[in-house]
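Asker: Each chain is listed here by its residues.
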Amino acid sequence: MNSIEVKNLTKKFGDFVSVDNISFNVKQAEIFGFLGANGAGKSTTIRMLCGILEPTFGDAVVGGCSVAKNPDSVKQNIGYMSQRFSLYNDLAVGENLDFFGGVYGLSNQKLNERKKWVLKIANLEGKENLLTGSLPGGIKQRLALGAAVIHQPDIVFLDEPTSGVDPISRRNFWELINELSSEGTTVFVTTHYLEEAEFCNNIILIDAGRLIAEGNPKQLKTDYLKNSIYEIESDRVIEALELLEKQNFVVETSIFGNNIHISVEEKFNDLSRINKLCEEGGITIKRINKIVPTLEDVFIHLLGNEKIL
Amino acid sequence: MNLKRIRAIAKKEFKHLFRDIRMLLILLLFPVFLLGIFGYAVNFDVHHIKIVVYDEENSMISKEFINSLTKSTYFDLVGYINNDSQIREILDEKKAQGIVVISKSFSKDFYSKQEAKIQFLIDGVDGNTANIIQFYSTAATQSLNAKLTTEVLSRVGTKSFMPIDLRPIFWFNPDLKSTRFFIPGLIAMILIITAAVSVSLSLVREKERGTIEQINVSSIKSSELLIGKTLPYVLLALVNAAMILIAGYILFDVVVKGSYPLLFLSTLIFLIASTSIGILVSVVSDSQQVAFSIATMVTMLPSFILSGFVFPIESMPAIIQVITNITPAKFFINVLRAIVLRGVGVFAIWDQLLYLILYASILLGAAILIYNKKEAKN
Ligand SMILES: Nc1ncnc2c1ncn2[C@@H]1O[C@H](COP(=O)(O)OP(=O)(O)O)[C@@H](O)[C@H]1O
Ligand SMILES: [Mg+2]
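Respectively, the protein sequence lines represent chains A and B.
Each residue of the first sequence is one higher than the one before, counting from 1 in this note's numbering.
Each residue of the second sequence is one higher than the one before, counting from 1 in this note's numbering.
Note that these hints are calculated values from the structure, not bench results.
Do not take every clue at face value.
For lysine-lysine, the following DSSO-like pairs were computed, each having C-alpha atoms within a straight-line distance of at most 27 angstroms [claimed, not checked]:
#, chain 1, residue 1, chain 2, residue 2
1, B, K11, A, K127
2, A, K140, B, K50
3, B, K377, A, K12
4, A, K69, B, K108
5, A, K246, A, K7
6, A, K116, B, K377
7, B, K15, A, K110
8, B, K108, A, K12
9, B, K221, A, K12
10, A, K12, B, K104
11, B, K71, A, K116
12, B, K94, B, K108
13, A, K110, B, K221
14, B, K11, B, K71
15, A, K69, B, K15
16, B, K71, A, K140
17, A, K7, B, K71
18, B, K373, A, K110
19, B, K4, A, K120
20, B, K4, A, K127
21, A, K116, B, K15
22, B, K50, A, K7
23, B, K94, A, K69
24, A, K140, B, K207
25, A, K110, B, K104
26, A, K69, B, K221
27, A, K12, B, K4
28, B, K15, A, K127
29, B, K11, A, K120
30, B, K71, A, K120
31, A, K12, A, K69
32, B, K377, A, K69
33, A, K7, B, K207
In this text the structure is predicted, and so the values were computed from the model without any measurement.
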């Protein structure tokens, strides 16, 4: 069953097309990753799906309601965590939760119940009186997520929820996302971090408002990338990259830490040629092997090096 | 309309207010401070004007005239001179603000029923003070005239007559207390500025921080949001109004002659009109700075110039008189003067209150319309 069905959704700001005719479906209770570089149109899309921004063209049915015709009904079924931290820093943790609970019209009993739950998932039990502004980033994000789902919506939209947070907090945050999804909540999440995309059931990638790729992580790696990827470890990374870039059997190159990834045509399997080239150039190759492409390899292929997320 | 949601918004707004105690104190005390400053600045009463007398005659009547001037608190006699040449020096060195010159023929002219001339030389640098000196001295001269005319002329058997009866001027405002007359204008101006500015800032702050989006995505209605956001500031402004009245009583002896419930109701209506200006401003501005500038501009200037606070509306050109309707302060000043100074009832002011309600409805309607349009487009 689909939670969200998007059809030809388009948003223009004046002449500028921010979201360009995109269509996709999101299944109930899945974790749906929405990827794209800065300015690709992710937030604009999310805001339309939440019913707070009117589409210029097209429509989406979110939780059974049309965002174009009935945005106010859409709002009743969803939670939204915006890209900017949007709890009040000058209010205490408990005061923030009281506020959002109140805005969603929760009864006192329900509110108390849900507050307990949020405090638990944010690791803030017994700390309701702390000033929200004084909390560390990771805790803030969890609290914001808790506030966004305080009314237990069927669908939750998270706009770059983990940006600017340390890796451990990010892992914890994703555990929370998994928990929500396993309880039946549809999670629609945008992210910058490609390793996080691997945790999603399905992904779409947009670029300049246009849909570029869609599928589960495995499909993306096989459907969109026909080339083979080799990982090369060498002593002089930059020189090796510059050298290999010039070869016509190499389609794409990129740097991954101390390694280089090169993508070559599928037929190519002459590893000795690479070794020989490097030797002539005075570069020692420590290791070279064919790898399963990462999502990053796929996106570099789809978007080009300079646009990588 | 859901009361729970309105309460949640209002409660949160109060929390913000009480979290920042310094700001709260400023909001509460600033109006009183303004009242003090403005109150004294627009105090047109001049007392203890220093005068020097150049009495060329030194007669009974000239003495009596000088006495009548100096027994009031308006003039302090600081000395006598006995030749012309000192006049310039005294005015130049500001030893006195005015010099009374009584000519040699003062009594003779008086008894011979000619015009008895007294010369007042006034330091005209401060035009306003000079005007007032002129006003008071004329008044003093004339009342003496009246007295002397009555006494003297009746003794010689002619019908007594009073030249000019000055009492009506003093009767209406016995101490010539201009402050009392300006207090309603001050209250209106202070309230409209504080209400409009505080409301617009609090709304725009949510836009700036991005928290407005989090609120919009709940199914709250814009009317609920606006009521919840403005309620705390209306209450705060009511407290302000009470404090201003108390300060007005303590500092300037202003007593409310009319009914307090009526005063409360009118103030509430005026505050709703004032906050609706703040709401409209917040809808069209995206930063607190812009909101602050616009809100102060559109409230301060009209409530000062066009409200009848300083300049009487009747003496403005017809077209300007029409424009004066853009400021709710005009109507509230009428209401306040009626309730506070004259003590009249609701029958005398209902039309003013009705206008204020109409004003608020139009502005709020416009604000909600623009807000709903803009919100969905951006
Ligand atoms: N309210 C707006 N008015 C004009 N342009 C906008 C507005 N909101 C977003 N844009 C533009 O639309 C593009 C997509 O923005 P956004 O959806 O925020 O991207 P992302 O979230 O993927 O980084 C950007 O170029 C941005 O400048
Ligand atoms: Mg974004």
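Asker: Indicate, hint by hint, whether the structure satisfies it.
Answerer: Here's how the hints hold up against the structure:
no.	hint	verdict
1	B:K11 / A:K127	holds (21 angstroms)
2	A:K140 / B:K50	violated (70 angstroms)
3	B:K377 / A:K12	holds (9 angstroms)
4	A:K69 / B:K108	violated (98 angstroms)
5	A:K246 / A:K7	violated (43 angstroms)
6	A:K116 / B:K377	violated (37 angstroms)
7	B:K15 / A:K110	holds (22 angstroms)
8	B:K108 / A:K12	violated (95 angstroms)
9	B:K221 / A:K12	holds (26 angstroms)
10	A:K12 / B:K104	violated (92 angstroms)
11	B:K71 / A:K116	violated (79 angstroms)
12	B:K94 / B:K108	violated (33 angstroms)
13	A:K110 / B:K221	holds (22 angstroms)
14	B:K11 / B:K71	violated (60 angstroms)
15	A:K69 / B:K15	violated (36 angstroms)
16	B:K71 / A:K140	violated (75 angstroms)
17	A:K7 / B:K71	violated (92 angstroms)
18	B:K373 / A:K110	violated (34 angstroms)
19	B:K4 / A:K120	holds (25 angstroms)
20	B:K4 / A:K127	holds (25 angstroms)
21	A:K116 / B:K15	holds (21 angstroms)
22	B:K50 / A:K7	violated (87 angstroms)
23	B:K94 / A:K69	violated (79 angstroms)
24	A:K140 / B:K207	holds (20 angstroms)
25	A:K110 / B:K104	violated (97 angstroms)
26	A:K69 / B:K221	holds (17 angstroms)
27	A:K12 / B:K4	violated (37 angstroms)
28	B:K15 / A:K127	holds (18 angstroms)
29	B:K11 / A:K120	holds (25 angstroms)
30	B:K71 / A:K120	violated (82 angstroms)
31	A:K12 / A:K69	holds (18 angstroms)
32	B:K377 / A:K69	holds (14 angstroms)
33	A:K7 / B:K207	violated (30 angstroms)
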